[in-house]
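Position chains B, C and D against the provided structure of chain A, taking the given hints into account.
Taken in sequence, the protein lines are chains A, B, C and D.
Position one of the first sequence corresponds to residue 1 (my numbering), numbered consecutively onward.
Position one of the second sequence corresponds to residue 1 (my numbering), numbered consecutively onward.
Position one of the third sequence corresponds to residue 1 (my numbering), numbered consecutively onward.
Position one of the fourth sequence corresponds to residue 1 (my numbering), numbered consecutively onward.
All the given hints hold, so there is nothing to weed out.
Same chains, same names: a pair is fine if it fits in one copy or spans any two.
EDC-like, lysine to aspartate or glutamate: derived pairs with alpha carbons at most 16 Å apart:
(1) LYS199 to GLU258
(2) LYS96 to GLU73
(3) LYS348 to GLU148
(4) LYS167 to GLU184
Bear in mind the hints are in silico, worked out from the structure with no lab data behind them.
4 protein chains.
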Amino acid sequence: MSGNTFGKLFKITTWGESHGKGVGVVIDGCPPHIPLDESVIQAMLDRRRPGGSAASTSRKEPDRAMIMSGVFEGMTTGTPIMIMVKNKDADSSAYKPYADLYRPGHGDITYQAKYNIRDWRGGGRSSARETVARVAAGAVAKAILEKETKIQVTAYTIELGGIRAKKRELAVIDQNPYYCPDLEAALEIENRIKTVREKGDSLGGIVEIAAKGVPAGLGDPVFDKLDADFARALMSIGAVKGVEIGAGFKASRLTGSENNDPITPEGFETNNSGGILAGISNGDDIIIRVAVKPIPSITMDQKTVDIANNPATISTRGRHDISAIPRINVVCESMVYLVLADRFLGQKALSC
Amino acid sequence: MSGNTFGKLFKITTWGESHGKGVGVVIDGCPPHIPLDESVIQAMLDRRRPGGSAASTSRKEPDRAMIMSGVFEGMTTGTPIMIMVKNKDADSSAYKPYADLYRPGHGDITYQAKYNIRDWRGGGRSSARETVARVAAGAVAKAILEKETKIQVTAYTIELGGIRAKKRELAVIDQNPYYCPDLEAALEIENRIKTVREKGDSLGGIVEIAAKGVPAGLGDPVFDKLDADFARALMSIGAVKGVEIGAGFKASRLTGSENNDPITPEGFETNNSGGILAGISNGDDIIIRVAVKPIPSITMDQKTVDIANNPATISTRGRHDISAIPRINVVCESMVYLVLADRFLGQKALSC
Amino acid sequence: MSGNTFGKLFKITTWGESHGKGVGVVIDGCPPHIPLDESVIQAMLDRRRPGGSAASTSRKEPDRAMIMSGVFEGMTTGTPIMIMVKNKDADSSAYKPYADLYRPGHGDITYQAKYNIRDWRGGGRSSARETVARVAAGAVAKAILEKETKIQVTAYTIELGGIRAKKRELAVIDQNPYYCPDLEAALEIENRIKTVREKGDSLGGIVEIAAKGVPAGLGDPVFDKLDADFARALMSIGAVKGVEIGAGFKASRLTGSENNDPITPEGFETNNSGGILAGISNGDDIIIRVAVKPIPSITMDQKTVDIANNPATISTRGRHDISAIPRINVVCESMVYLVLADRFLGQKALSC
Amino acid sequence: MSGNTFGKLFKITTWGESHGKGVGVVIDGCPPHIPLDESVIQAMLDRRRPGGSAASTSRKEPDRAMIMSGVFEGMTTGTPIMIMVKNKDADSSAYKPYADLYRPGHGDITYQAKYNIRDWRGGGRSSARETVARVAAGAVAKAILEKETKIQVTAYTIELGGIRAKKRELAVIDQNPYYCPDLEAALEIENRIKTVREKGDSLGGIVEIAAKGVPAGLGDPVFDKLDADFARALMSIGAVKGVEIGAGFKASRLTGSENNDPITPEGFETNNSGGILAGISNGDDIIIRVAVKPIPSITMDQKTVDIANNPATISTRGRHDISAIPRINVVCESMVYLVLADRFLGQKALSC
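The shape of chain A in the complex, shown without the other chains (with noise of 0.2 Å):
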């Protein structure tokens, strides 16, 4: 059963290995007349790239976006959008050793238990190089929203190895390489990533997303609903483990009476709805918090089996990064920018 593609208007398919010929992604649906070129495209993957940061892998791609269709003299066509990313520097001959050996944390037992067959070069298509095309494929989602909408999306850390953002000062998150609104706990952050990689450890942490200027009326009630999409999208991301909006997990503590946002002529008096309610957006700040794991590489020696079923010992020596924060975070926002986009076109088709 097939379950590479995501969306119901504004629909794309990706493909690729991690250590194959490229990764890459048809987008089906998406409207014409938006201004459209690899720049565009390459501006956001760049976000992606490893290097930034203390947290980041060796591994150096270029990761240069080309557009194979759908686009005709700078603008988009109707016809299918198809953007590759070539695999330049794959270097499988680190992952030779774990051809037989299952990476704990990793998808290879997973895979090997449905597929029987797994193309286990760097993780194959279990790799977080997939992600590469959810971006560019993010980006143009974001190109009809700026064409279109006030939409503005934004993902940050406020949380990386246990160390906690105590603000929200959105303007900062570019003058640190961790994407964190408080540059405090950004230092503090560093630091803890110094002190595990030493180690051969990893971390994990929390990244917040923020869509605002998203108007009241998106999301398909009753399975479609917007948190639920939202939900999924994130889900789908390897890392990602927990997904909550609004008030989330807190608000299972709260009363009726503390949770339920008072609403007034001006708007909602408060957001622990998170700018959804009963799956439709309610013209207030979207904000959604996802929880992601450490990575599961790691030099440490850990505990596995191979293909056959005998214990062995693994020590994952590829060029890893420490966190999937922060190159997650524009992944993040890309899966936003998705799910609004094709909620957008889908609200569109409603208008009689």
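Okay, now just chains B, C and D, sitting in the frame of chain A:
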């Protein structure tokens, strides 16, 4: 744009409003030869009915399931199964005052924004009554899985009104009206609910869902990962504001060496993954938790506006639960069964 | 695998068997604010009812449409519309002899091959009674298009039992029971039917469908071309064995210079294309023809086998039409309305 | 709205324009363990290439298939397969005069109406070059069916330019460039084509497709009937204007006793049904015929308008085939393979 369909192979579409003629579901894609009659569905629906606990509404709905098609001589035939529950005790007069008033925390204001019309009687389509249809479909999904696998899904309350279960004694969850695996916590919950009911306020909590006996290999990477689909399925329940898998948000504070589940020839040593790696089941128990917000309908006075955006005060006097828990538990179970049945059928198609 | 859903944005799912409790449809994706009540649907259903012509069965079904959801105070609300018609006059005793016998030309043998079980009463799910649900949905599609566009779809009989209409006087199709645009041909048809009825045999024919007022620009290349969707929609009607657009099979014998429709500032000079170029409507009338096979149920003796594959003789004695025409005509209209409504909504989503 | 995806379980999405960077397809849902390399695809693509017959264009495209993902060590892995063919010999200068002129019989005018923009180079997305992607995907579908079943699909020319094959000697279809099962007819066709080519005109014809070895039970009632899907699949090919199954339009002139295929313990005595009853395969040969219109690009002068709706004269001087037959034959085969592979996988999911 339509959003009332769930599933790819075992596909359900629900219909109906709280105070219309009824609610129901069409199941398209149920395999033939599954033993099914109305009692199978009724057993599951009865667990959703009000009345069992202090938390429940006094609305009395017999909720009698009628199978209208797709079953012949006690067996599914492979054709669409329509299951319908008529609305009987639908007293919409209690809602008349709210025809022009938006209830805080409800979908009234967003349905109006989206459609510019709404059936205001009892929340119309946004009412939790819609989940009757999900549970009916869930009973069919469960029947398939019970015939073909050892899968067993159980939802239980691990927190209500801030009171947390300290044990996981699943054997006792049917011995208390809150489906709580800790009888002492259940007593505290009972007291907490009574206090809050007197104030006219409401409560939220946390439900945990365990799926045992799930074979390794279910789930469709990339966007239809098993955890992504659980997240969507559960977040599509009106009261749910957060979903986490395995260690969930706690995983964001662990290091890789703490979070990775060591693999041994006998299986995984720990289950931080919650039974899912890279979106595919790993054979271990699947563990999911959902945050349930307090019921927004409370009798305390609240600030709101009317449909002309004039300020107003509202007190929701209908017949309402104090907490969506425990009636929501069987809805959660149903959604998990629906996802698993769909993926189970999908996995068969792959086996070339 | 499910196959009972049709449409992408205006999505319908039908359910029900010939001699079960009823047949119906859930419409998911109908825009709000479309005036709708049961009389709108009934008017369309009444055109499908038996009784009008010499070709019809004596089965008397009032076919009373009940709207169960999605309409509030005479208007659609944007939520799923369930329309149901209960089976009343379902005398399945007449079918009992055929429980173990396959009727030639029917789906008995293939349903058994596919599902290894079937509801044999009156053909079960494979009965033409299923088209009641299509017509009910078609009435809603028509209501949308009548509110929003000038589209008008008409199906008429251009051939029955080998007798071909020599004229296209659409004004007279309601003046004869065969919806034939040539009254002289209609008389000949009447005589032909009477002769064949006496022999216990049955007849086929050709229905032409004209859709006028379709704006240019509807249809989704590549696989969801407008003509491709009409072909699927119409071929999915049990009795249809062929579909052609515009000049159709005749076009295969023309040269390019004969077949190309010259374009002038006033429009196309001819309409060999049938109003569709490259899968997109061109603003001209859409012209489709379908080949309808003779009803397979005949009282003449036929060779068959029983479910144990023993040879047998069968004579189908139920109450049957002599020809699917003219009752099939409104089904054809409905399918064309369904496709057009879907594409009309889709086109709105594109208009950035 | 998107329309570039085909299939439910074996799902393909095509991309690319005639004179853009290339054309390609992503296949999502291919089972693992299917032997596949580029030569398998190339063999099928080579049958689509121009050059073999008098009817062909002089455009020389090596049409070299590149598998970009989803295959590892010669086997499919269950992950998306992207296959790409770069455009090499794309001389768009020949099309420049037509940037502002609509070619009669082409999609220029409708693409402009739909999208208000179009890649006019060689027809852009509406070019038959898009079928390269279908054939590549068809080769993969064929590989699945050859591994798992005895299904074999063959398309052959039974009429071209009005000259009809009088025999069905399938053994000789590879001995003449028109894939005609009647060598005498093939000679007549050759002469007819030469005459018409001199006049600068073009021809159409009829292709018959036979699928042998199809097991009984494939096809998903009600809307995804096997014949409905073939009709959609084949009508989605640009040049096709009609589709019929089995006796097809001829069935409309038969009586029930003539048209019904008698059933015997050894099988059906005749095959008027074309191997499909009630949308499900019956185990007999599946027989489909499609009407192919003459190529609209002709060098004779034709009336048209420019994009400002001024009258104009056009003569399409590019490099074009005289007839879409025989190059379309392998496209028809591919579409039939795609439908059958999809239904074959779907049938597995049902087998509880």
